[in-house]
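Undergrad: Spelled out, the chains give:
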Amino acid sequence: MSWPRVFAARMRCLFLRSRLDGELEDELRFHLEMQAEDNARKGMQPREARYAAMLQFGGIESTKEEYRERRSFTMIETFFRDIRYAGRTLRNSPGFAAVVIASLALGIGATTAIFGLADQILLHPTGIVRPDRIVALQEKYEKFNLKDIPLSAPNFADVRDSRAIFAHAGAMRVIDLNFTGGDVPQRLRAAAVSSEWFDVFGAKPVLGRVFSPEEDRPNANRVVVLSHAAWVRLFGADPTVAGRKIELNRQPYRIIGVMAAGFDWPNPTDIWVPLALPPPAFAQTNRFNENLVVVALRRPGVSFARANSWLGVLTARVFNSRTPGASAAKNAGYAMYCVPFLDFNAGDTKKPVLILLGGVVLVLLIACSNCAGLTLARASKRAQEMALRGALGASRARLVGQTLTESLLLACAGAVAGLAVAWGATFLLLRLAPRDVVSGIDARLNIPMLAFTAAVALVSGIVFGIAPAWHLSRIDPHDALKGSERSTTAGTARQRLRSIVVVAETALALILLAGAGLFLRSFEQLQNVNPGFDPRGVMAATFSLPQSRYPDGAAQSLFYRSLLDRLAAARGVAAAAVGFPGPFCDCLDAGGFVLEGHEPGPGDPGSHADRRYVTPEYFRALAIPLKRGQTFTETDRLETRPVAVVDEELARHYWPAENPIGKRIRLTDGTKDWYTVVGVVGHVLSSDLAADSGRGSIYFDLYQIRAALPNAWIIAKTPVTKTPGSSASIAGAIREAVRSADPAEPLYNLGPLEDRVSESLAPRRFVLRLLGFFAITALFMAALGLYGVVSYSVSLRTREIGIRMALGAGKGSVLRTVLYQGLRLTAIGVAAGLAGSLLTNRVLKSQLFEVSAFDPLIFASAAAALLAAAAFASYLPARRAVRVDPMGALRSE
Amino acid sequence: MENSRAPKADVLQGTLVLLVLRTLEALGPLHGYGIARRIEQISEELLQLNQGTLYPALLRMEQEGWITSEWGPSEKNRKAKFYSISPSGRKQLARETRDWERMRSTIDRFLGSMPETLMKEIP
Numbered sequence: 028m029s030w031p032r033v034f035a036a037r038m039r040c041l042f043l044r045s046r047l048d049g050e051l052e053d054e055l056r057f058h059l060e061m062q063a064e065d066n067a068r069k070g071m072q073p074r075e076a077r078y079a080a081m082l083q084f085g086g087i088e089s090t091k092e093e094y095r096e097r098r099s100f101t102m103i104e105t106f107f108r109d110i111r112y113a114g115r116t117l118r119n120s121p122g123f124a125a126v127v128i129a130s131l132a133l134g135i136g137a138t139t140a141i142f143g144l145a146d147q148i149l150l151h152p153t154g155i156v157r158p159d160r161i162v163a164l165q166e167k168y169e170k171f172n173l174k175d176i177p178l179s180a181p182n183f184a185d186v187r188d189s190r191a192i193f194a195h196a197g198a199m200r201v202i203d204l205n206f207t208g209g210d211v212p213q214r215l216r217a218a219a220v221s222s223e224w225f226d227v228f229g230a231k232p233v234l235g236r237v238f239s240p241e242e243d244r245p246n247a248n249r250v251v252v253l254s255h256a257a258w259v260r261l262f263g264a265d266p267t268v269a270g271r272k273i274e275l276n277r278q279p280y281r282i283i284g285v286m287a288a289g290f291d292w293p294n295p296t297d298i299w300v301p302l303a304l305p306p307p308a309f310a311q312t313n314r315f316n317e318n319l320v321v322v323a324l325r326r327p328g329v330s331f332a333r334a335n336s337w338l339g340v341l342t343a344r345v346f347n348s349r350t351p352g353a354s355a356a357k358n359a360g361y362a363m364y365c366v367p368f369l370d371f372n373a374g375d376t377k378k379p380v381l382i383l384l385g386g387v388v389l390v391l392l393i394a395c396s397n398c399a400g401l402t403l404a405r406a407s408k409r410a411q412e413m414a415l416r417g418a419l420g421a422s423r424a425r426l427v428g429q430t431l432t433e434s435l436l437l438a439c440a441g442a443v444a445g446l447a448v449a450w451g452a453t454f455l456l457l458r459l460a461p462r463d464v465v466s467g468i469d470a471r472l473n474i475p476m477l478a479f480t481a482a483v484a485l486v487s488g489i490v491f492g493i494a495p496a497w498h499l500s501r502i503d504p505h506d507a508l509k510g511s512e513r514s515t516t517a518g519t520a521r522q523r524l525r526s527i528v529v530v531a532e533t534a535l536a537l538i539l540l541a542g543a544g545l546f547l548r549s550f551e552q553l554q555n556v557n558p559g560f561d562p563r564g565v566m567a568a569t570f571s572l573p574q575s576r577y578p579d580g581a582a583q584s585l586f587y588r589s590l591l592d593r594l595a596a597a598r599g600v601a602a603a604a605v606g607f608p609g610p611f612c613d614c615l616d617a618g619g620f621v622l623e624g625h626e627p628g629p630g631d632p633g634s635h636a637d638r639r640y641v642t643p644e645y646f647r648a649l650a651i652p653l654k655r656g657q658t659f660t661e662t663d664r665l666e667t668r669p670v671a672v673v674d675e676e677l678a679r680h681y682w683p684a685e686n687p688i689g690k691r692i693r694l695t696d697g698t699k700d701w702y703t704v705v706g707v708v709g710h711v712l713s714s715d716l717a718a719d720s721g722r723g724s725i726y727f728d729l730y731q732i733r734a735a736l737p738n739a740w741i742i743a744k745t746p747v748t749k750t751p752g753s754s755a756s757i758a759g760a761i762r763e764a765v766r767s768a769d770p771a772e773p774l775y776n777l778g779p780l781e782d783r784v785s786e787s788l789a790p791r792r793f794v795l796r797l798l799g800f801f802a803i804t805a806l807f808m809a810a811l812g813l814y815g816v817v818s819y820s821v822s823l824r825t826r827e828i829g830i831r832m833a834l835g836a837g838k839g840s841v842l843r844t845v846l847y848q849g850l851r852l853t854a855i856g857v858a859a860g861l862a863g864s865l866l867t868n869r870v871l872k873s874q875l876f877e878v879s880a881f882d883p884l885i886f887a888s889a890a891a892a893l894l895a896a897a898a899f900a901s902y903l904p905a906r907r908a909v910r911v912d913p914m915g916a917l918r919s920e
Numbered sequence: 010m011e012n013s014r015a016p017k018a019d020v021l022q023g024t025l026v027l028l029v030l031r032t033l034e035a036l037g038p039l040h041g042y043g044i045a046r047r048i049e050q051i052s053e054e055l056l057q058l059n060q061g062t063l064y065p066a067l068l069r070m071e072q073e074g075w076i077t078s079e080w081g082p083s084e085k086n087r088k089a090k091f092y093s094i095s096p097s098g099r100k101q102l103a104r105e106t107r108d109w110e111r112m113r114s115t116i117d118r119f120l121g122s123m124p125e126t127l128m129k130e131i132p
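Chains Z and G are the protein sequences, given in the same order. Positions in the first sequence are counted from 1; adding 27 to them yields my numbering. Positions in the second sequence are counted from 1; adding 9 to them yields my numbering.
These aren't lab readings, by the way, just hints derived from the structure by calculation. Hints are supplied without guarantee of correctness; some may be wrong.
As the list claims (entries may be wrong) - Taking lysine-lysine and the DSS-like style, the derived pairs with C-alpha atoms no more than 30 angstroms apart in a straight line are: (1) Z:Lys872 to Z:Lys357; (2) Z:Lys872 to Z:Lys377; (3) Z:Lys377 to Z:Lys167; (4) Z:Lys69 to G:Lys88; (5) Z:Lys699 to Z:Lys654; (6) Z:Lys699 to Z:Lys357; (7) G:Lys85 to Z:Lys91; (8) Z:Lys170 to Z:Lys378; (9) Z:Lys170 to Z:Lys838; (10) Z:Lys174 to Z:Lys838; (11) Z:Lys69 to G:Lys85; (12) G:Lys100 to Z:Lys69; (13) G:Lys88 to Z:Lys91; (14) Z:Lys690 to Z:Lys91; (15) Z:Lys91 to G:Lys90; (16) Z:Lys838 to Z:Lys167; (17) Z:Lys167 to Z:Lys357; (18) Z:Lys690 to Z:Lys170.
Only a predicted model underlies this, so the values are computations on that prediction, with no experimental measurement involved.
Produce the complete structure using the sequences and hints provided.
TA: Okay, structure coming up:
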């Protein structure tokens, strides 16, 4: 017995069935002929001889059957036969097949597209090897409600040296680099990274190499690594670019490598330079100077929990050391911790993406339900055929298999069409989505995506095929062969099944509609939030002065003063100012401060506030209301008394019952100046319309600071604010003023401030649009399903309607009956959907702004929309019912 | 003639392979009908072969590689499928012959000097 040989022989015969059947026929015929001849020779008549030959042989058919069974694999042959049969029957109903394939293509395609995006955002960001093993390290001050704080250099050093826990650790700081090689200076998105940065991500260069530890030092760091995109964009993918010298920020640098396509972190990045922290950066006095983004790769075998507890050990070491500020930090609830890199990277997009996933799955389920309903409707036509086959001996498994094969065939076709839909949908999504949500994501159809589509198609096919298949196999042949659809129990069972399917569809559609409605309401609320300043008519741009030419605050002040003089004098500019951090940007400068007369005691964490450095016109340019006292004036300079302006939030918190004007505060960053509070202004939202940090701000006069700022925002306002886009006219004025002040430094992010504010809503707007699209699709499909059921029911009840009309029922009464049937089903669906929403909407709560997840108005609107759609869907068949000719209906069957 | 009619199916099926292989080895290539006739002839009509079981058995033997087949002209110049034994078929024949001999001698021993052997001491 040699199984492989037999297996191979059987495989060969799998595809030669008809030829082999012919050969068997020939062989058996030959045998019978020979036998008949021998019988004739023995003296029988020819007919007798043939008859005797057949008797002598035994059962010819059973021989053939046994032969065929041995020859190949019957199950596979049956499968192929089922597929061919299903293909034939589907070709006979092209309308049905088209609708089912289209619904499935939409459902499967949309699901694949969203899953593909979700995979790249949440699970497998491009260019990163083993993202699940990478962690992002952060600090928190629990008492100040501050978390997601970057690490200080000494902390980074401790993490890097923890070789037992982390295989690699890298630190990063975003910096500004101006590429001054060409005729026009270009700003590059740059990051200064430590030497092991690329190792953490497992990213490899495609040309040259990455930084060595020797180059990560202050005097050896004039080397850069280009990103793939920048290499293509700036150097035309020139393969000889390694070793070339370029000029950045007026300094010579050498290109030593180009990264492979796909890796871009921190994305987007054009160019990496070494972080090159000088030794003083690692001094203990710098322990709480937090400005480095740190990521680390866990060693194999080190769990996430173990890494976190190790960071607790490092934190304890800081407390036990003699580091200045350690006890204050401990009181503030300071701790180092880590989060999975994937969560860190996904950030705020995680929840919305999951919600979109849920939404698209609901759409897929509704599409499957529609297909199930259509298949059931079609099953009615084939009930007789199935019953006959069952009566002739087909086993239930075979009948189920046959019908399921048809569904699977449809699902396959739907999957293939769905792939095209998915590709197109992904392309569209990437166009329409806000840039920061989808940066670094490409529309690729790779093997996991194909496998996913195949799996979804398989599950969908089974989901929408199993109910009709199982139902069909249970038909009592006697019953089905008997007669008309309406009189059979199977017929009514089918109608009931279809009604259940429609109810389920309606429930799912309600959940989607209500969810979309809640998001819409939430979005509207957000648009009405007052950010604390007026962005209308204001143009803003970001600008950075290189430290080499403007080394301290005094040099910067000179520059900005002359810049603002020019800008304020330009035509169309009503006010001009400079500020850092800029309004509504996602950057934070916060620090501790001390109130005069309230030196912090041993257990007191001290006070914490956001810091902003602005020129005097800033408040007027942004229309931040002055509540008390005055703002900065032109007379405030480096030599005069240091002044500060606080916002209402700070004033309320620290001077609840007194007038803050005249009070003095001091910063805890080591400087000794006492700042006198001269005014109180309104509170401003820092970067998110939906959430406020709850911290107050202290404004300092930019002309009074000593240290240079890393970058600054230039703001200019036009006198006309009512018309949107009015600020465009002064974009030129800003550029001109900057160029005449210093032609070498480029301006970037030049744009209306209104755009920046509304851009913060862009992710929400995107989710809203998608959810809205899903909801409308769901509504449409549910209405279509309902139409199918009601329409079919009308055709079943034609005779009954005819009788009723003959007996005197008016058209109105018939119309009402049909409408009532449709609306009743929808009402049940709506009720089920409301119950379902109670479960699902808890998930939405965190995404909604000032809208309850169970807002009755929204639910009522969603229900009303569904009922209206149902009424319309029932109206069309109702009209048909009304036009029934009673005599014709009574005659027909 | 009843006792010469050996039980069909089971027993014959077990030895059918042996009979077919031996027939082909001794008489050279034969078609299916020829094999059936020869088996009946050689057994002097003691074996009534269920002809229907022959073809599935031939298929199995061809799958195992013990016989090969070829279409060719019969004695009356009709198209027929001829089977011949293959080298591995000869090995299989030798194997099955050995098994059969072993089985026969075992049963012979039982049917032979039974009483004396039974009277021997059983430890």
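Undergrad: Looking at the structure, which of the earlier hints fail to hold?
TA: Per hint list: 1, 9, 10, 12, 14 and 16 violated.
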